[in-house]
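I would like the entire structure built from these sequences, with the hints used as guidance.
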Amino acid sequence: MNAIEFRQVTLRLGGRDVLGDASLAVAAGEIIGVLGPNGAGKTTLMRAILGLVPAARGEIRVFGRPAARGNPAVGYMPQTRSTGANLRLRGRDFVAGVVNGHRPGLPFPGKAGRAEVDRVLDLVGAAALAGRPLAETSGGERQRLLLAQALVGRPRLLLLDEPLANLDPRFQGDVVALAAALRAELGITILFSAHELNPLLGAIDRVLYLGNGQAALGTVDEVITGPVLSRLYGAEIEVVRVRGRIFVMSGGQDMERDAHRHDHGGAHALLGASHDHA
Amino acid sequence: MLDYDFMRNAFAAAAIVAAVAGLVGYFLVLRGQTFAGHALAHVGFTGATGSVLIGISPLWGLVALTVTAGLGMGAIGERLVQRDVAIGIVLALALGLGLLFLHFYTAYAAQATALLFGNVLSVDAATVRALLWLGLVTVGLLAAISRPLLFASLQPELAEAKGVRLRLYSGLFLGIVGLAVAECVQIVGVLLVFALMVGPAATAQRLTTRVAGGLVLSPVLALAEAWAGIALAFYTDWPASFWITALSAGGYLAATISPAGRVR
Ligand SMILES: Nc1ncnc2c1ncn2[C@@H]1O[C@H](COP(=O)(O)OP(=O)(O)OP(=O)(O)O)[C@@H](O)[C@H]1O
Ligand SMILES: [Mg+2]
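First to last, the sequence lines map onto chains A and B. Mapped onto my numbering, the consecutive letters of the first sequence carry residue numbers 9 to 286. Mapped onto my numbering, the consecutive letters of the second sequence carry residue numbers 99 to 362.
Bear in mind the hints are in silico, worked out from the structure with no lab data behind them. Do not rely on the hints blindly, as some may be mistaken.
To be verified - Simulated restraints, written as ranges between beta carbons of each label pair: (1) B:Ile355 x A:Gly121: 33 to 43 Å; (2) A:Arg77 x B:Ala224: 42 to 52 Å; (3) B:Leu234 x A:Gly72: 43 to 53 Å.
As the list claims (entries may be wrong) - Sample of chain A residues facing chain B (criterion: CB under 7 Å; computed from the structure): (4) Ala81; (5) Tyr84; (6) Ala93; (7) Arg96.
Values in this document were obtained by computation on a predicted structure and should not be read as measured data. We put the beta carbon where it would ideally sit given N, CA and C, even for glycine.
Put into structure tokens, the structure is as follows:
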């Protein structure tokens, strides 16, 4: 069964089409890298799968059923990372707040709830830091806790919105490996959005590239090509491969890097623009 | 000091209100909505003075207006409620209106002071009974929604995805805050609601990093501060509200600077 299916879906926000007439299918058990420049619609796509953004036209199906809020089969790690950042609440309780969180009642997890918290903390390797108050954790550590929250309730589909943001290369590698391990262990489907393709290369099955209101889903070799990306960026794009790494270039600039490094300014030399994240 | 009826009433009323304020305040501080609580108290002033004008008991005028305003703020939406400017304007208008109502009812200058700063030593047995019922309703409602409320406070986007209706819980919670505020006003008055709602809860959140710990510690601190304040008022003849605010501020300060404030 397909985990996600878009049938001629148009997503509209504030009167503008973020995605126009897109059809695509993600098989259960796939890891998909979701890429595209700022404002391409990565977050909007995930929110649509969650049922938080209704399709203006077309139909979105999740495990065969129309996308709707409150689907326990879907876990979500939102892009907003500021939540709870200055609370003096320990990480464990931050994660425990998610257990059965949609049901009315008292905010104390029972025995089963505590076991679930232990399970997800172990899965993301956050058991040791879960005793510290959130205000005393780093951004990367908090990201692990957010991932743990997303795993509460054993979802079959995991939507991770830019889990690599703010992480140094080593932790980026850890999170990507973690996603791959979760898939191997739990057999879940993962949508993993990112601004850079290279850190994901070994772990993803296919890429979903968004841009210009369009979507292209396929293997890296099918999608990361000059013609496809030129269509998505609406500009002449060149794809350069260097020692197993891929650079998306426009007029000598590395597009993916520039998407989140506006402060650099000017054009980059090809190799000067990229650092190694082995 | 317990030989006096008014002292027994004061302790009973303070116990009820402290429990309510401590529990509701915990979530208020967690959600970063303390300013909204402050604004609701000011709206309550309008309600209380207005109800005196039309001849209803100030307690019910308070409850009616704070709960309505709380639900209204929730309905307008989370984003707007957290806007300081909007709240500040409502707050000033509420006090101004309250003043106007007082102007029409000049005989009640003493009552105005009691409303603004509280007068716990004048609480009668009937008010204690009313507070008890109100308190039970408030805590009952809070208990019923506390899990989704916590979820929505900690991780709103995930909560929304999991089917928690953010607007609904935000509105219900502010309605509950309205009830709690109306009760607090009986003890410390409109202007000093923070002393019971925010001080103990913020102190508790410095002293424990656990939800369960905070939900126990916050009302216990509120109770200790309220009772100690009343006892000190009895022996010094200074206003109880002063002592409660002093203890509330002192507790928070101590928790912030002491090494115990770093305890996990
Ligand atoms: N609430 C909203 N109302 C109107 N337009 C919106 C809203 N949220 C997002 N948009 C617009 O929709 C488009 C897609 O936004 P989205 O957040 O999905 O992009 P994204 O690919 O996640 O970008 P980023 O890489 O910056 O996270 C953007 O052009 C954005 O300006
Ligand atoms: Mg985004």
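Checked hints:
Taken as a hint, the range 33 to 43 Å holds for the pair isoleucine 355 of chain B and glycine 121 of chain A, whose Cβ atoms sit roughly 35 Å apart. For the pair arginine 77 of chain A and alanine 224 of chain B, the supplied restraint of 42 to 52 Å holds, since their beta-carbon distance comes to about 47 Å. Distance hint check: the CB atoms of leucine 234 of chain B and glycine 72 of chain A are about 47 Å apart, consistent with the given range 43 to 53 Å. For alanine 81 of chain A, the suggested interface contact is broken, since its CB lies about 11 Å from the closest CB of chain B, more than 7 Å.
With a cut of 7 Å, the hint placing tyrosine 84 of chain A at the interface with chain B holds, because the nearest CB-to-CB distance is about 5 Å. Contact between alanine 93 of chain A and chain B, as hinted, is not supported at the beta carbon level, the nearest pair being about 11 Å apart and thus beyond 7 Å. Proximity of arginine 96 of chain A to chain B holds as hinted, the smallest CB-CB distance being about 5 Å (cut-off 7 Å).
Hint compliance for this structure: hints 4 and 6 are not met, and every other hint is.
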